[in-house]
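As you go down the protein sequences, you meet chains A and B in turn. For the first sequence, the working numbering gives the first residue as 1, with consecutive numbering after it. For the second sequence, the working numbering gives the first residue as 301, with consecutive numbering after it.
Keep in mind that a hint or two might mislead.
Listing some non-contacts, in silico: residues in chain A with all C-beta distances to chain B over 10 Å [said to hold, decoys possible]:
#1 ALA82
#2 GLN98
#3 ALA194
One side only, chain B facing chain A, incomplete, derived with CB under 10 Å [stated by the list, open to error]:
#4 VAL318
#5 VAL322
#6 ARG418
#7 ILE748
#8 PRO750
#9 PHE754
#10 THR757
#11 PRO759
#12 ALA761
#13 ASN763
#14 TRP774
#15 THR775
#16 LEU779
#17 LYS783
#18 PRO787
#19 LYS790
If you're looking for bench data, these hints aren't it; they were derived computationally from the structure. For glycine and all other residues, C-beta sits at the position ideal for the given N, C-alpha and C.
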Amino acid sequence: MSKIEKALNKARGERHNRPGTELGPDEDREPIRGTALIPEPRGELVRLEDISRMNQNEMPLLDAEGLSRHGIIRPELFDDPAVQAFRDLRTKIMLQGQGENGVVLVSAISKGSGSSFVAQNLAAAFAFDAGNTALMVDCNFRNPSLHRLLDDPSTPGLTDYLENPDLDLSTIIRPVGISRFRVIAAGRKREIPAEYFTSAKMRRLIDSVRRRYMERFIILDGPSMSDIADIRILSELCDYVILVGRYGRVTGAQIENCVKEISGKKMLGVVFNDEPRIPQIGWREFWFRQWRVRFPWTGG
Amino acid sequence: MQIHPEQIVRMLIKEAFVSRRVVVGVFVLVNGVLLAMGLTWPKFYAASTSILVEDRNIIQPLMQGAAVATDVSDLTRNARELIYGRRIMDRILDHGGWSESQPSAVEQEFLIEAIKKRTTVSNVGRNLVKVEYRDTDPGRALRVTQKFAELFIQEGVAARAAETRAAYDFIDKQAKEYEAKLSQSEQEIRQVRGSNVDARPVSEVELSARLALLNARVETTTMELREAEIRRDSLQRQVSGEADVTAGITREGQMRARIGELQARLDTLRLSYLDTHPDTIQLKLQIQDLTKALESERQRPSQGERAGRGEMNESAMNSPIYQQLRRELSQTQVTVDALKARIAESQRLLREEAQRGKGLRSGDARLADLARDNLLNREIYQDLLRRRERARVSISLDVDRQGLTFSIQEPATLPQAPKGPRFWHFVFGGLALGILVPFGLLFVRMQIDPRVRFGETIPKAHNVPVLATIPHLWTPDELKHLKAELPVLKLALVATVAVCAILSALRMAQVL
Chain A
1 MSKIEKALNK ARGERHNRPG TELGPDEDRE PIRGTALIPE PRGELVRLED
51 ISRMNQNEMP LLDAEGLSRH GIIRPELFDD PAVQAFRDLR TKIMLQGQGE
101 NGVVLVSAIS KGSGSSFVAQ NLAAAFAFDA GNTALMVDCN FRNPSLHRLL
151 DDPSTPGLTD YLENPDLDLS TIIRPVGISR FRVIAAGRKR EIPAEYFTSA
201 KMRRLIDSVR RRYMERFIIL DGPSMSDIAD IRILSELCDY VILVGRYGRV
251 TGAQIENCVK EISGKKMLGV VFNDEPRIPQ IGWREFWFRQ WRVRFPWTGG
Chain B
301 MQIHPEQIVR MLIKEAFVSR RVVVGVFVLV NGVLLAMGLT WPKFYAASTS
351 ILVEDRNIIQ PLMQGAAVAT DVSDLTRNAR ELIYGRRIMD RILDHGGWSE
401 SQPSAVEQEF LIEAIKKRTT VSNVGRNLVK VEYRDTDPGR ALRVTQKFAE
451 LFIQEGVAAR AAETRAAYDF IDKQAKEYEA KLSQSEQEIR QVRGSNVDAR
501 PVSEVELSAR LALLNARVET TTMELREAEI RRDSLQRQVS GEADVTAGIT
551 REGQMRARIG ELQARLDTLR LSYLDTHPDT IQLKLQIQDL TKALESERQR
601 PSQGERAGRG EMNESAMNSP IYQQLRRELS QTQVTVDALK ARIAESQRLL
651 REEAQRGKGL RSGDARLADL ARDNLLNREI YQDLLRRRER ARVSISLDVD
701 RQGLTFSIQE PATLPQAPKG PRFWHFVFGG LALGILVPFG LLFVRMQIDP
751 RVRFGETIPK AHNVPVLATI PHLWTPDELK HLKAELPVLK LALVATVAVC
801 AILSALRMAQ VL
């Protein structure tokens, strides 16, 4: 363990020991419990401090391989078309918000469109920027995916929080080993999601996480558009809706139907996902390597 | 948004990469199938010959109208029927060596069908028949093609001769029938005439024509007669009038001349003498006498008319005009007499003919019928005889091969190289199809699949913006699998091409 890491751990330990600060940056405090949502006076200093604290992950950061394994982009791959596409998408959403943070619902037009992939990477793209943070909420109870990013998949999530009044918000906001990227997993309970979404607690949750940090973008990984009841409720909670259609999977009619369901103001657009791409693996080398003749005079 | 062709091509390549296993599989499969086909495809050798069926030769213009040459177009049209006919096919079976194994009737049928399939008969140009035969054995291809040409010519000539002969026989038979009819009707006529001597085979039409002719002649002659009579009367009138005028003119003229003379002499005398001179008085008296005589002469014509024509004096008789008129008058008189005689003769003939017509109408009607039949039969018989002679000449033309001629324009030669698709066709076809088929299938799928493949089309079609088109993100695991898979696919492709190349080389070296 390096000296820096030791120092970080020590600092973390000290913070844990301090009363009221043991829950880290995303702890849920009194204003959320109360009926009046009074934003805390937040200065520049507080915000920067919070961000710096967010950077101090409780779990070690994922390396390049770990990220790739989870299908998450990283900023070093700036010339990868997929990374460019996500950065472009992120920029468009930020421009749409005009400096304000926002809640973005990502939903699949049909099952298997890869909406979780898009949501994850969109969140990762937000987190690329040192001035922004991303919180991803897994609202797809039928087919959750975020728990895979966590160390312990059985950690309490959104359903547990909504069901259990004693559970603190800080317990469900989890780091995933990516800087400035937190998640709320779906949780263990997965029945009747519509009821959870309509609850006041859910609304409060979204409001609190949004208002807490102005630079935090919240991405809701929603169910597919076939669960239209859930989508309608979730779209009430969010600012923007992004539909994900997969190349060669969705039909024009499906797109048409989904677009009709979402109110025009919130409808941001369609992300056309998983267009085939031939990877750059050195094709010239691949085809002609074996024919390279080594003559004795070339010296091997 | 319009999809550009290059976008489609790019997308096709990407799709092909996605379904690379299927694409490589189809490529290998197509090549395998076509290589197998190429190896097992039978080698066919084709021999062909062209036969010129010619009817334009030196004899035809000479025999125009006298002989009928067989129509070439019919013959070339029927060439296929002739060659595919059982008669020629049977002999081809013998000649090609198929009959050696003593095939049954059913086997023969199959063999003939197979030969027919390998034989093509086509009309190249108007009167050129091309026969092509394909066989696995080049020698037999040549033999059979030659035999086809030989038999076709033989059969064609025989058919032509038979046709001409049949035509001749038919015409001959007809001619004989009419000959018999004709002799029979002539016999009957003789019999009827024997019983009725007066009866002559004069047709009513002929008679009426003759009557009409005579009538016309009478009318014409009568008109001429009238004309001649008018002329004669006119001349007579002129002759009498001329005598009076001549006589009058002669005497008066003489007297006036005398008076003029005397008056001239009197005028001369008056220049020298008085009126009382005896010569002058005498002259005056003479003039007075002459004047009186002239007066009396002027009154004479009326006296002359009263006295009649007989008093024609000599001076009038001597006038040349008078003499000419007299001559013409006598000639006209002769003409009038001749015409009268002619009219009388014509009327006599007319009466005779009318008499004869009466006899015909009342005479033997049967004879007339017979005569008519006979005439008709004779005409037909003569026509048939002419036709028969033409047919006879046509037969001679055929015998001498002068009418319709068959000549081999291009003789069959021994085929050296096999015809039809060659092995390299299959090799290159396989390589091309191996690429085209999977890409074609992908293209078809892209066209008929309603699922969206081009994000660019969404905004216009569904009125919703496309925020991003995310290309596939290759995970390390996927790349690992891909890198494991690609050499296998590459091996399959390289091996397929190598097999094609090796087999082509072996085929070229005629090992296979």
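We went through each hint and held it up to the structure:
1. Chain B draws ALA82(A) into its interface by the beta-carbon criterion, the shortest separation being 4 Å against a cut-off of 10 Å.
2. Every CB of chain B lies more than 10 Å from the CB of GLN98(A), the least distance being 17 Å, so the non-interface label holds.
3. With 10 Å as the threshold on Cβ separation, the claim that ALA194(A) sits away from chain B holds: the shortest Cβ distance comes to roughly 25 Å.
4. Checking VAL318(B) against chain A: minimum C-beta separation of about 5 Å stays under 10 Å; hint holds.
5. A hinted interface residue such as VAL322(B) counts as satisfied when its beta carbon comes closer than 10 Å to some beta carbon of chain A; here the least separation is about 14 Å, so the hint is violated.
6. A distance limit of 10 Å between C-beta atoms decides the matter here; for ARG418(B) the minimum to chain A is near 47 Å, and the interface restraint is violated.
7. With a cut of 10 Å, the hint placing ILE748(B) at the interface with chain A is violated, because the nearest CB-to-CB distance is about 12 Å.
8. Among the interface hints, the one on PRO750(B) holds; its C-beta lies about 5 Å from the nearest C-beta in chain A, closer than the 10 Å criterion.
9. Of the supplied interface hints, the one on PHE754(B) holds, with its beta-carbon coming within about 9 Å of a beta-carbon of chain A, less than 10 Å.
10. Look at THR757(B): its Cβ gets to within about 8 Å of chain A, closer than 10 Å, so that hint holds up.
11. Below 10 Å, beta-carbon pairs count as interface contacts, and PRO759(B) has one with chain A at about 9 Å; its hint therefore holds.
12. The interface hint given for ALA761(B) is met, as the beta carbon of that residue sits about 6 Å from the closest beta carbon of chain A, less than 10 Å.
13. With its C-beta approaching chain A no nearer than about 7 Å, ASN763(B) sits inside the 10 Å limit, and its interface hint holds.
14. This hint holds: TRP774(B) has a C-beta 5 Å from the nearest C-beta of chain A, less than the 10 Å allowed.
15. Of the supplied interface hints, the one on THR775(B) holds, with its beta-carbon coming within about 6 Å of a beta-carbon of chain A, less than 10 Å.
16. Interface restraint check for LEU779(B): the shortest CB-CB distance to chain A comes to about 6 Å, inside 10 Å, so the restraint holds.
17. Because the closest C-beta pair between LYS783(B) and chain A is about 7 Å apart, less than 10 Å, the hint holds.
18. The restraint placing PRO787(B) at the interface with chain A holds, with a minimum CB-CB distance near 8 Å, inside the 10 Å limit.
19. Against a cut-off of 10 Å between C-beta atoms, the interface hint on LYS790(B) holds, since the closest Cβ of chain A lies about 7 Å away.
Of the numbered hints listed earlier, those contradicted by the structure are 1, 5, 6, 7.
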